Amino acid sequence: METNRLIVRRFTDDDFQDFSNLICDKMKSKYSVYDEQFPTDNESIRGLLSFFKDSEEFWAIELKSTKKIVGFVSLNYIDEHTRNLGYCIHTEYQGKGYANEVVLEIMQYARKVLNVHKLISGTAMENEPSVKLLLKTGFSIVDKRKGSFVDDEQGNPIIFTGCFFEYIF
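This note's numbering puts the sequence shown at residues 541 to 709.
Hints should not be assumed to be uniformly reliable.
What the hints assert, rightly or not - Derived lysine-lysine pairs resembling DSS-like cross-links, with alpha carbons at most 25 Å apart:
1) 607 / 658
2) 593 / 568
3) 608 / 568
4) 686 / 566
5) 608 / 593
6) 672 / 686
7) 658 / 568
8) 566 / 652
9) 676 / 593
10) 636 / 566
11) 684 / 672
12) 658 / 676
13) 570 / 636
14) 652 / 570
15) 566 / 684
16) 652 / 568
17) 686 / 658
18) 652 / 686
19) 684 / 652
20) 607 / 568
21) 570 / 608
22) 658 / 672
23) 658 / 608
24) 658 / 604
25) 684 / 658
26) 607 / 566
27) 607 / 593
28) 676 / 686
29) 604 / 593
30) 608 / 636
31) 676 / 636
32) 686 / 636
33) 672 / 568
34) 566 / 676
35) 652 / 676
36) 676 / 570
37) 684 / 570
38) 570 / 658
39) 652 / 604
Simulated from the structure, these hints should not be mistaken for laboratory data.
Predicted model, so just to flag it, every value in this text is computed and none were measured.
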């Protein structure tokens, strides 16, 4: 898949350095406490890259101008006509419209190629840029509930409000 500025493609082993930088950046992000945790050691990142590479649900987001991997996008299988949309953009490349570009492209792919009728997605209400992106691309909020992925230093869960979205084609 291609947009004006991006190539959306399968991962390869050659993506390790960019992928490692992306995952480590993701885990240092202020929003990482609101999401599932990824490992940051080289061996685990290699395993994660291998999983992404072998999966039909994950794509690398490559900047055309530099050939650099600046993020990933996923469409995880829920049922025959439903997928869960996920995305991650390296903080250095956020705020430039790349996530919007790739989400709109992957939505078309889901509808035209996969014959998906509904996309779902979720993010923390605290992650305002992601909430705004999903609303801007046509998703509707269908539910909000408390959740936790991470404990603080004292072992107490870091509670946040999860916001759940859907898009019906």
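Verification of the hints:
The hinted pair formed by residue 607 and residue 658 fails the criterion: a straight-line CA distance of about 32 Å is larger than 25 Å. The hinted pair formed by residue 593 and residue 568 meets the criterion: a straight-line CA distance of about 23 Å does not exceed 25 Å. Among the hinted pairs, residue 608 with residue 568 is consistent with the structure: their alpha-carbon atoms are about 20 Å apart, no more than 25 Å. Our distance criterion of 25 Å between C-alpha atoms is met by residue 686 and residue 566, whose separation comes to about 22 Å.
Distance check on the hinted pair: residue 608 and residue 593 sit about 16 Å apart at the alpha-carbon level, within 25 Å; holds. With a CA separation close to 19 Å, the supplied pair residue 672 and residue 686 stays within the 25 Å bound. At roughly 32 Å between alpha-carbon atoms, residue 658 and residue 568 are farther apart than 25 Å, so this suggested pair is violated. At roughly 30 Å between alpha-carbon atoms, residue 566 and residue 652 are farther apart than 25 Å, so this suggested pair is violated.
Between residue 676 and residue 593 the CA atoms are separated by roughly 29 Å; this puts the pair beyond 25 Å, and the hint is violated. This hinted pair checks out: residue 636 and residue 566 have alpha carbons roughly 17 Å apart, not beyond 25 Å. Distance restraint check for residue 684 and residue 672: the Cα-Cα separation of roughly 15 Å lies within the 25 Å cut-off, and the hinted pair is therefore satisfied. Among the hinted pairs, residue 658 with residue 676 is consistent with the structure: their alpha-carbon atoms are about 17 Å apart, no more than 25 Å.
Restraint check: the Cα-Cα separation between residue 570 and residue 636 comes to about 18 Å, which is no more than 25 Å; the hinted pair holds. Between the alpha carbons of residue 652 and residue 570 the distance comes to roughly 35 Å, so the proposed pair goes past 25 Å and is violated. Note on residue 566 and residue 684: the hinted pairing holds, with a Cα-Cα distance of about 23 Å set against a maximum of 25 Å. For the proposed pair residue 652 and residue 568, the alpha carbon gap of about 36 Å is over 25 Å, so the pair is violated.
Proximity of residue 686 to residue 658 is assessed by CA-CA distance (about 24 Å); at most 25 Å being required, the pair is judged to hold. Between the alpha carbons of residue 652 and residue 686 the distance comes to roughly 34 Å, so the proposed pair goes past 25 Å and is violated. Taking the CA atoms of residue 684 and residue 652, the gap is about 30 Å. The hint is violated against a cut of 25 Å. With a CA separation close to 23 Å, the supplied pair residue 607 and residue 568 stays within the 25 Å bound.
Restraint check for residue 570 and residue 608: the C-alpha separation of about 23 Å stays at or below 25 Å, so the hint holds. Under the criterion of a C-alpha separation no larger than 25 Å, the hint pairing residue 658 with residue 672 is consistent with the structure, at around 19 Å. Between the alpha carbons of residue 658 and residue 608 the distance comes to roughly 31 Å, so the proposed pair goes past 25 Å and is violated. Using a Cα cut-off of 25 Å, the hinted pair residue 658 and residue 604 is violated, with the two alpha carbons roughly 29 Å apart.
Of the supplied pair hints, the one linking residue 684 and residue 658 holds, its CA atoms being roughly 18 Å apart against a limit of 25 Å. Distance check on the hinted pair: residue 607 and residue 566 sit about 20 Å apart at the alpha-carbon level, within 25 Å; holds. Restraint check for residue 607 and residue 593: the C-alpha separation of about 17 Å stays at or below 25 Å, so the hint holds. For the hint linking residue 676 to residue 686, the alpha-carbon distance of about 23 Å falls within 25 Å, and the restraint holds.
The hinted pair formed by residue 604 and residue 593 meets the criterion: a straight-line CA distance of about 20 Å does not exceed 25 Å. A threshold of 25 Å between alpha carbons decides the hint, and for residue 608 with residue 636 the separation of about 15 Å falls inside it, so the pair holds. For the suggested pair residue 676 and residue 636, the alpha carbons sit about 15 Å apart, so the restraint of at most 25 Å is met. Distance hint between residue 686 and residue 636 is unfulfilled; the C-alpha atoms sit about 30 Å from each other, more than 25 Å.
Restraint check: the Cα-Cα separation between residue 672 and residue 568 comes to about 21 Å, which is no more than 25 Å; the hinted pair holds. A distance of roughly 23 Å separates the Cα atoms of residue 566 and residue 676; the hinted pair therefore holds under the 25 Å criterion. Only pairs whose Cα atoms come within 25 Å are accepted, and residue 652 paired with residue 676 is accepted, the gap being roughly 21 Å. Proximity of residue 676 to residue 570 is assessed by CA-CA distance (about 22 Å); at most 25 Å being required, the pair is judged to hold.
A distance of roughly 21 Å separates the Cα atoms of residue 684 and residue 570; the hinted pair therefore holds under the 25 Å criterion. For the given pair, residue 570 sits about 30 Å from residue 658 by alpha-carbon distance, which is inconsistent with the 25 Å threshold. For the hint pairing residue 652 with residue 604, the CA-to-CA distance comes to about 24 Å; that is within 25 Å, so the pair holds.
Going down the numbered hints, you'll see the structure goes against 1, 7, 8, 9, 14, 16, 18, 19, 23, 24, 32 and 38, while the others check out.
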